[in-house]
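*Asks:* Assemble the whole structure, with the sequences as input and the hints as a guide.
Residue numbers (the numbering used here), protein chains in the order written: chain A, 1 to 177; chain B, 1 to 449; chain C, 1 to 163.
I should point out that these hints are in silico values taken from the structure, not numbers from a laboratory. For glycine and all other residues, C-beta sits at the position ideal for the given N, C-alpha and C. Do not take every clue at face value.
[Stated by the list, open to error] List time: in silico DSSO-like cross-link candidates among lysine-lysine, alpha-carbon distance up to 30 angstroms:
hint: 1; chain 1: B; residue 1: K346; chain 2: A; residue 2: K162
hint: 2; chain 1: A; residue 1: K162; chain 2: B; residue 2: K311
hint: 3; chain 1: A; residue 1: K10; chain 2: B; residue 2: K240
hint: 4; chain 1: B; residue 1: K367; chain 2: A; residue 2: K162
hint: 5; chain 1: B; residue 1: K67; chain 2: A; residue 2: K168
hint: 6; chain 1: A; residue 1: K12; chain 2: A; residue 2: K34
hint: 7; chain 1: B; residue 1: K367; chain 2: B; residue 2: K311
[Claimed, not checked] Just so you have them, the derived chain B footprint on chain A, three or more residues with Cβ under 8 angstroms:
hint: 8; stretch: 7-20
hint: 9; stretch: 48-58
hint: 10; stretch: 65-74
hint: 11; stretch: 142-154
[Said to hold, decoys possible] So the derived list for chain B, only partly shown, Cβ under 10 angstroms to chain A, looks like this:
hint: 12; residue: L94
hint: 13; residue: Y222
hint: 14; residue: Y383
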Amino acid sequence: MAPDSLTLRKLKERFPGSVLAVHSYRGDDTAVVKGEDLVSVARFLKEDPELQYNFLMDLTAVDYLGQEPFDSPQRVVLGSAQEGIRFEVVYHFYSLPLNQRVRIKVPVPESDPTVDSVTGLWAGANWFEREVWDMFGIRFKGHPDLRRILLYDGFEGHPLQKDYPLRKRQPRIGPQV
Amino acid sequence: MMDTQAEVGRTHDETMTLRMGPAHPAMHGIIQIDLRLEGEVVVRADVEIGYLHRAFEKHCENVSYNKCFPWTDRLNYVSPLINNFGYAMAVEKLLGIEVTERCKYIRTIMSEISRITDHMTNIGTSAMELGAMSVFLYLMKAREYLWELIEAVTGARVTICYGRVGGVKADFPDGLKEQTRGALRECRSVLREIHSLLTKNRIFMDRMVNVGVISQEDAISYGITGPFLRSTGVPYDVRKAQPYMVYDRLDWDVPLGSNGENYDRYLVRMEEMEQSMRIIEQALEQMPPGPYQVDIEGKPLEPPEMVDLGKLGKTRELLGVKLDLSPNLRGMDRPHHQLVNVPDKKVVLPPKELTYGNIEGLMQHFKLVMDEHGIRPPRGEAYQAVEGGNGELGFYVVSDGTDIPYRVRCRPPCFPIMAALPRMLEGGMVADIVPTFGSVNMIGGELDR
Amino acid sequence: MAVKATVTFGNQFFTSRLEKVVGWARKYSIFQYPFVTACCGMEYMAVAAGHYDMDRFGAGLPRFSPRQSDVLFVVGTISHKIAPVLKTTYDQMCEPKWVVAFGVCTCTGGFYDDYATVMGIDTIIPVHLYIPGCPPRPETVLDGLIKLQERIQNERQELFHGS
Ligand code: SF4
Chain A
1 MAPDSLTLRK LKERFPGSVL AVHSYRGDDT AVVKGEDLVS VARFLKEDPE
51 LQYNFLMDLT AVDYLGQEPF DSPQRVVLGS AQEGIRFEVV YHFYSLPLNQ
101 RVRIKVPVPE SDPTVDSVTG LWAGANWFER EVWDMFGIRF KGHPDLRRIL
151 LYDGFEGHPL QKDYPLRKRQ PRIGPQV
Chain B
1 MMDTQAEVGR THDETMTLRM GPAHPAMHGI IQIDLRLEGE VVVRADVEIG
51 YLHRAFEKHC ENVSYNKCFP WTDRLNYVSP LINNFGYAMA VEKLLGIEVT
101 ERCKYIRTIM SEISRITDHM TNIGTSAMEL GAMSVFLYLM KAREYLWELI
151 EAVTGARVTI CYGRVGGVKA DFPDGLKEQT RGALRECRSV LREIHSLLTK
201 NRIFMDRMVN VGVISQEDAI SYGITGPFLR STGVPYDVRK AQPYMVYDRL
251 DWDVPLGSNG ENYDRYLVRM EEMEQSMRII EQALEQMPPG PYQVDIEGKP
301 LEPPEMVDLG KLGKTRELLG VKLDLSPNLR GMDRPHHQLV NVPDKKVVLP
351 PKELTYGNIE GLMQHFKLVM DEHGIRPPRG EAYQAVEGGN GELGFYVVSD
401 GTDIPYRVRC RPPCFPIMAA LPRMLEGGMV ADIVPTFGSV NMIGGELDR
Chain C
1 MAVKATVTFG NQFFTSRLEK VVGWARKYSI FQYPFVTACC GMEYMAVAAG
51 HYDMDRFGAG LPRFSPRQSD VLFVVGTISH KIAPVLKTTY DQMCEPKWVV
101 AFGVCTCTGG FYDDYATVMG IDTIIPVHLY IPGCPPRPET VLDGLIKLQE
151 RIQNERQELF HGS
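*Replies:* Next up, the structure:
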């Protein structure tokens, strides 16, 4: 089943080389795009008069430590990402005029976990990106103030990475349990 | 207030740095705002969050699907039911199942009761911070009526853990309809009182009107949703835009503000409570009827007796027998169970008669609760949004095909609002911080997770 | 030090009477500092408001300054990030002071056994009363409060700090 919603179709037409895979599993339109083109894809989604994805609803990441990123059995692969992918940064956009959602995912290699920041397009991206940095250790190029947000200075590591143990404590005061 | 709560320092350019919180009463204990003041005017505000980070997402990656529910309760602990159902719906979407009609109504009704308690708590505490103690007391009283309802249905007051993947824990108890009507009547009268105490109150208006203003463009750019966005006049409500449960079958309105100020947000919340009550009333009317009270011969059996009979292989005789369940399992017997849960054996625990009375039921139960068995959605991902008390509450669940979620992400509605808080505070007075922050309805559990 | 002089020359009888009176006064005039962080705060609000009314037991007046309060109610999960703040707050309270751990998160860490949460506030400050429950029902809280009052009554009353 080839996904052919308006958004995905337009994305594929406009960015033929950078859309790596698409699927509409369970009705969620999804496109995997190359990291270099993220900002232009996002700008296109936001500014195209037919799309107008004006909300950045959510920005998060998934750590696929030691596995190929998996998202759906229905994925249609259009290109191949580079080697050594560990994370995927996941953007959920919502278009108020269209009343539609789209999910954009960006593969991030382990060797250089960096993504371009979209703070220039949505003010709300600022804190979301700080959270992803805090939890996953993914850096955002062009972010005005990339520091920890939920954890404290002096915390080592990034707890949502799959290899961070759930119970590894780093107390600021009190016993070092 | 100077000791722990505020550290005062002076810098060269004659602005003053004031650190408000986290142990400041108006900061709800878990927010710190670093202020740069010029006299009474806020020049810069820096919000520091994370004091209640409790690793929700990490915990969910370590337990099976149904075991995540207790953690979702504690995200937004003022309206935990909505969190429960949001997460359940995300997993159901991933599994591709649809819950039963009665379950949809139950979820709708419980979500709206939660929404009312959420708004009540918000208005009550923020009015208290402005000195209106009686409003707080009245609203807590009204909330108590609703909590009694919630307790009757779920067995707990705050951390209810009522949702299940594929259904809910138990059906409504008898007589809930009348009880709900009574509670709503009480709430309405309290809300009338609140209206007369606050809505035209000079002091209240002076502190709320034209304070904490945010424009439509800014609100959208920050990703703000919920009453906060609607106070700026954007008619976005997940319940209307992308209806789930049974919201599209009911008649209700989305109240809108126009200026995006604190006072508008107060009015929007007050009106939303009224709309929620309308939803509850209609849903109670439309709800498909509960289990028919069929007369079954003989007295109900105690669970141990049923287990004994089952062991002897007398399962045939047990088919029509009613089980005498303990009070905290009430609503989970066969007639109720079929109405509120999907009939999918791979997802939902069997009714208690089957668990106690025959081996297949026992196996089914066992398979679902054991680690490494349980619910196994296919590999894939799904994002499901519901309208929480503060706005769009989204759950993004990634499954790797095992019984443990690979990743559960909660999109907390008050996170973007807190991100936009400096925008609303800067240029205002120090005293305006309290009402503006109050109108954000910051809930630590979902903000920091 | 007039009182102390009286006490030393007086007999045991007088001291114990005075202690009783002071204990009685202290137990019914609890000024509490609610250190509210999380979900337990919802129940705390319910107990403090009209329905359950903590004020009936003489603990109705929350003070939001540690200097003015004598019972520290720690309500809700304490993460490692906020732990130093809790410690400072406790240190700033004047003697005599008592600490109540409200909710299982403060008692033991509860089910937040993870990298972010302090496993019980008694690892950082002393605790005099534990009220378990997640969150504790208002009845439990009131029961706990009465137990605390008994304890305050029966304690040796230090009339002067260090006496
Ligand atoms: S004990 Fe339970 S209700 Fe209380 S703060 Fe902890 S998790 Fe929340």
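*Asks:* If a hint holds in the structure, say so; if it doesn't, say that too.
*Replies:* Here is how each hint holds up against the structure:
For the proposed pair K346(B) and K162(A), the alpha carbon gap of about 28 angstroms is at most 30 angstroms, so the pair holds. For the proposed pair K162(A) and K311(B), the alpha carbon gap of about 45 angstroms is over 30 angstroms, so the pair is violated. Restraint check for K10(A) and K240(B): the C-alpha separation of about 27 angstroms stays at or below 30 angstroms, so the hint holds. With a C-alpha separation of about 27 angstroms, the suggested pairing of K367(B) with K162(A) holds against the 30 angstroms cut-off.
Restraint check for K67(B) and K168(A): satisfied, since their Cα atoms lie roughly 22 angstroms apart, inside the 30 angstroms limit. Using a Cα cut-off of 30 angstroms, the hinted pair K12(A) and K34(A) holds, with the two alpha carbons roughly 12 angstroms apart. Distance check on the hinted pair: K367(B) and K311(B) sit about 19 angstroms apart at the alpha-carbon level, within 30 angstroms; holds. Interface restraint, the stretch 7-20 of chain A with chain B: violated (0 residues with C-beta to C-beta distance below 8 angstroms; minimum three).
Here the stretch 48-58 of chain A counts 5 residues with a CB under 8 angstroms from a CB of chain B, which clears the bar of 3, and the coverage holds. Note: the stretch 65-74 of chain A has 5 residues with beta-carbon separation from chain B under 8 angstroms; the three-residue rule is met and the coverage holds. For the stretch 142-154 of chain A, the assignment as covered by chain B holds, since 5 residues bring a beta-carbon within under 8 angstroms of that chain's beta-carbons and 3 suffice. For L94(B), the shortest C-beta to C-beta distance to chain A is roughly 7 angstroms, which falls under 10 angstroms, so the interface hint holds.
Residue-level restraint check for Y222(B) holds (minimum Cβ-Cβ distance to chain A is 4 angstroms; threshold 10 angstroms). The closest approach between the C-beta of Y383(B) and any C-beta of chain A is roughly 6 angstroms, which is under the 10 angstroms cut-off, so the hint is satisfied.
Violation of the numbered hints given earlier is confined to hints 2, 8; the remaining hints are satisfied by the structure.
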